[in-house]
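S.K.: Quick note: the sequence shown uses my numbering, first residue 1, plus one each step.
Quick caveat, the hints were computed from the structure, so don't treat them as lab data. By construction, the Cβ of each residue, glycine as well, lies at the ideal position given by its N, Cα and C atoms.
No farther apart than 27 Å at their CA atoms in a straight line, the calculated lysine-lysine pairs in the DSS-like style are these: (1) Lys177 <-> Lys120; (2) Lys328 <-> Lys361; (3) Lys167 <-> Lys120; (4) Lys167 <-> Lys177; (5) Lys120 <-> Lys90.
Restraint-style ranges between C-beta atoms, simulated for each label pair: (6) Asp324 <-> Phe81: 42 to 48 Å; (7) Val52 <-> Asp314: 39 to 45 Å; (8) Gln339 <-> Glu53: 47 to 53 Å; (9) Gln104 <-> Ser23: 37 to 43 Å; (10) Phe81 <-> Asp258: 48 to 54 Å; (11) Thr298 <-> Glu53: 55 to 61 Å; (12) Ile326 <-> Thr359: 23 to 29 Å; (13) Asp64 <-> Asp324: 55 to 61 Å.
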Amino acid sequence: MARLQINRLTKRFGGTVAVRDLSLDIADREFLVLLGPSGAGKTTTLRCVAGVEKPESGTIRFDDQDVSHVSPAERDVAFVFQTYALYPRKTAFENIAFPLVARQFAQADIEHAVREVAQKLHIEHLLDRRPAQLSGGEQQRVALGRAMVRRPRAFLMDEPLTNLDFKLRVEMRSELKRIHSELNTTLFYVTNDQTEAMSLADRIAVLNAGVLQQVGTPEQVYDHPVNRFVAGFIGNTRMNFLPCVLRNEDGPGLHGRDGAWQLAISDSLRDAIRSRSDGDALILGIRPEDLALSTQPTDGAIEAEVYAVEPLGDRTIFDLRVGDDIVKVRTPPTFDAPQGSRLWFDVDRSRIHVFDPRTDKALI
Numbered sequence: 001m002a003r004l005q006i007n008r009l010t011k012r013f014g015g016t017v018a019v020r021d022l023s024l025d026i027a028d029r030e031f032l033v034l035l036g037p038s039g040a041g042k043t044t045t046l047r048c049v050a051g052v053e054k055p056e057s058g059t060i061r062f063d064d065q066d067v068s069h070v071s072p073a074e075r076d077v078a079f080v081f082q083t084y085a086l087y088p089r090k091t092a093f094e095n096i097a098f099p100l101v102a103r104q105f106a107q108a109d110i111e112h113a114v115r116e117v118a119q120k121l122h123i124e125h126l127l128d129r130r131p132a133q134l135s136g137g138e139q140q141r142v143a144l145g146r147a148m149v150r151r152p153r154a155f156l157m158d159e160p161l162t163n164l165d166f167k168l169r170v171e172m173r174s175e176l177k178r179i180h181s182e183l184n185t186t187l188f189y190v191t192n193d194q195t196e197a198m199s200l201a202d203r204i205a206v207l208n209a210g211v212l213q214q215v216g217t218p219e220q221v222y223d224h225p226v227n228r229f230v231a232g233f234i235g236n237t238r239m240n241f242l243p244c245v246l247r248n249e250d251g252p253g254l255h256g257r258d259g260a261w262q263l264a265i266s267d268s269l270r271d272a273i274r275s276r277s278d279g280d281a282l283i284l285g286i287r288p289e290d291l292a293l294s295t296q297p298t299d300g301a302i303e304a305e306v307y308a309v310e311p312l313g314d315r316t317i318f319d320l321r322v323g324d325d326i327v328k329v330r331t332p333p334t335f336d337a338p339q340g341s342r343l344w345f346d347v348d349r350s351r352i353h354v355f356d357p358r359t360d361k362a363l364i
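Make a model of the complete structure from these sequences and hints.
M.R.: In structure tokens, the structure reads:
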């Protein structure tokens, strides 16, 4: 097992900076997920850690050893690819055994190691099959087995569930969580799927355009995003962002564009943005699950028109028009209201977020 430290890593491809001054400290036996959109620099970071790419600057350390200029083979890490990369003419057993065969392990040791890993992955009955005879989920398990059998210092996984259908992705998330718990090893995982990140990670590192945005537990990045990018990228359905201004007449409050809505805020929330003056432009962030819908007006609720209804089985998403803005609200599937009707939504004031429109940084 190993502690992995990335210090001020920068990688360019021609004039394009793929990763800029990235520093991460992954604890021994931690499951850290590097999350971001396509093109954020996630895979490039992983390939630099593996030694496949050479960074322009910065260092990579395993425990106290600087491996920045060490060959991939000497780093003793296992890389699990998005495309599985199985040998098509070899059986599942032979694919899993390949790293041990290459190291000239005794046949009895290979047999024991492969069967032990196959048992952990629940694929003992598939060892005689070739990749073409396996489903996507089964191929992914074989690829994981090939990595596990080596007992590496750390696992590096590059979007390993992307090619699976939804049902298999859900199943494999549970398997990966269980496998990490059993192996008790360091795991550095890359994905653009925030649901994967939230369900798997001990901590999440959010990357955008090669720049690290925030590192924290799933709860921290969800409940306390440091900027508007993190707030919008984490969460399903995404956070609502409403341009507004701060007004102090008749008590502190936030007012929407053209006076379409207003939201009274507590003194404590006002104190949290005390650096802002009356009339300052702000952006209010509210998650759809932190809004409550009603068919009748209530004190402090905001009136809106039903613009669209998205029934999703276990929940319904209402798109509400408020002035020039569309606000999404998550409700139980039993709540019903036709398109074009009038509803009122109330805001959980303890769960609101406020952002600076110039810097996109979170104020509260």
